[in-house]
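Student: In case you want the letters, here they are:
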Amino acid sequence: MAQLHPTQGAGAPIPATAGIGLRAPHHREVIDTRPAAGWFEVHSENYFGRGGAPIACLERIRADYPLSLHGVAMSVGSADPLDPLHLRRLQALIGRVEPGLVSEHLSWGSIGGSYLNDLLPLPYTEEALDHVVQRVGRVQDALGRRILLENPSSYLEYAHSTLAESVFLAETARRSGCGILLDVNNLFVSCSNHGWDATEYLRDIPAAAVEELHLAGHSRNRMGQEEILIDTHDRPVSGAVWRLYQFVLQRVGPRPTLIEWDLALPPLAVLLEEATEARRRMEASHVRAA
Amino acid sequence: MYALPELQGELRRALFGGADRLGEAIRANGLAPQQRLAVYRNNSLASLGEALRDTYPVVNRLVGKECFDGLARRYVPLDPPRSGCLLDYGSGFTDFLEDMEILRPLAYLSDLARLEWLWQEAYHEADSTASDLETLATVPPEHHGDLRVRLQPSARWLTSEFPLLRIWEANQPYRSGEEIVSLAEGGCRLLIFRPHLEVQIHSLEAGDHVLLSALASGATLAEASHQAAAAGDFDLAASLRHWTSAGLIAGFFL
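Protein sequences, first through last, are from chains A and B.
The numbering used here numbers the first residue of the first sequence as 1 and each following residue consecutively.
The numbering used here numbers the first residue of the second sequence as 1 and each following residue consecutively.
No wet-lab data here; the hints were simulated from the structure.
A couple of the hints might just be wrong.
Dumping the calculated SDA-like pairs for lysine to any residue here, alpha-carbon to alpha-carbon at most 25 angstroms [said to hold, decoys possible]:
id, chain 1, residue 1, chain 2, residue 2
1, B, K65, A, L263
2, B, K65, A, R235
3, B, K65, B, W117
4, B, K65, A, R23
Since the model is a prediction, treat every value here as computed from it, not as a measurement.
With these hints in hand, go ahead and build the complete structure from the sequences.
Tutor: Laid out in structure tokens, this is it:
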């Protein structure tokens, strides 16, 4: 029998256990079977419609589970002005589903009014840092709440960057008051692609600011003599990312951990198994730390 | 060294326009800058192509995945999203299809795409409760002709010289796709709307089409029914009963 989840009140906190990235093809099954997932996270923009089935399903699921909203297109790092309509739509969605957490990405995805539907990397400069701190502040003011900012997977670095990504992210959190969503798979992918050291990266990240972790699958791609990892979200979490996750847990302690899977979406049962594995590792790490 | 706005503008041009001025701004570290940009270009074009395929599944089925991918790769840089919400993206794809020389033999394709776009608009449109004829009991009969009607916010209209609804139905995922639809079946007047959560597509007779579109543009019942009667045989009471019970009418007001 699926365990029952008490209905949570407004802004119900996301528990420090494993959750699942919820995608539309699983809406029906979640509503009908009430699986034993600790919480769900959705991409905010998928529920920006004025009405209809997606938002109706989400409200139904929200009645049984804590929910987190994860934005992919606020374009926090863009030099364009923030889109007021986007902010209003997010605000309206927050009002409807009362999420426990709201997160965005440390990246940009639009310029000159055009959107590229990608999480493009920022140059890690003092100029960009001032900009991002200001923008996160504006988003938090507009939403009337704190957000989390996620480290992206990246495939290039700019020659004129002067700060490590970890320092940039930690400074953004310190100066804007936002929290950090540490994506362990992104950390692994970027470290591998750029030759960064994950241990050094984590040393820069204040554990108290980390409020959520992400796990996902990536692909390894050969390009000539070189290899590049791509954050594909289309397969299970790799062994190396599980090991890094345990290291992160020792460093920051148990945190709400999300299994993300977007392409080649498997049956819900596969996601539940991945979530069980995350929970098992979280509990084991907690016991060791105690 | 670029300031942030210039850097981002150059990167957009590199991904969508094939411009190549960024080489030195990207750290050479194993892979060449162009290979690194190619990863982003692929992510961006492929994910936006998938967003279009989600909105236009029947077009995808009719032209085939490979052809659809090619069309999307040409379309996306010409008309990229103007908002961060992909539900808004792709209305211009219908005109783009109409202008494509190689698609001329599929003359119905752009109208079919318009139907898919309206379906998706209706799917995400605001909810509304439906009204029934009993609400009219409070209005004196002599004022009925002065009533106006509020339709479901999801109501959309499409007329075409092609049998779109038949083509659309024959190419739903649960259909084999073997069925032959003859274009000689002729054109259609379609009403697309969502009474609850499921989108419906109705093929309208001339009278209903005139009546409902007149009501949608704010005509009174008397005016709309007068126009509908001019279009041929027409029974206002029967039509109102039918469309109220179908859930199309959200309210009556004076």
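Student: Does B:K65 pair with A:R235 here, judged by a C-alpha cut-off of 25 angstroms?
Tutor: holds, 23 angstroms
Student: CA of B:K65 to CA of B:W117, is that 25 angstroms or under?
Tutor: holds, 19 angstroms
Student: Assess, step by step, whether the Cα of B:K65 is no farther than 25 angstroms from the Cα of A:L263, and give holds or violated.
Tutor: Holds - the C-alpha atoms of A:L263 and B:K65 are around 17 angstroms apart, at most 25 angstroms.
Student: Do the alpha carbons of B:K65 and A:R23 lie within 25 angstroms of each other, as the hint requires?
Tutor: Measuring from Cα to Cα gives roughly 23 angstroms; hence the hint holds.
Violated hints are absent here; each numbered hint is respected by the structure.
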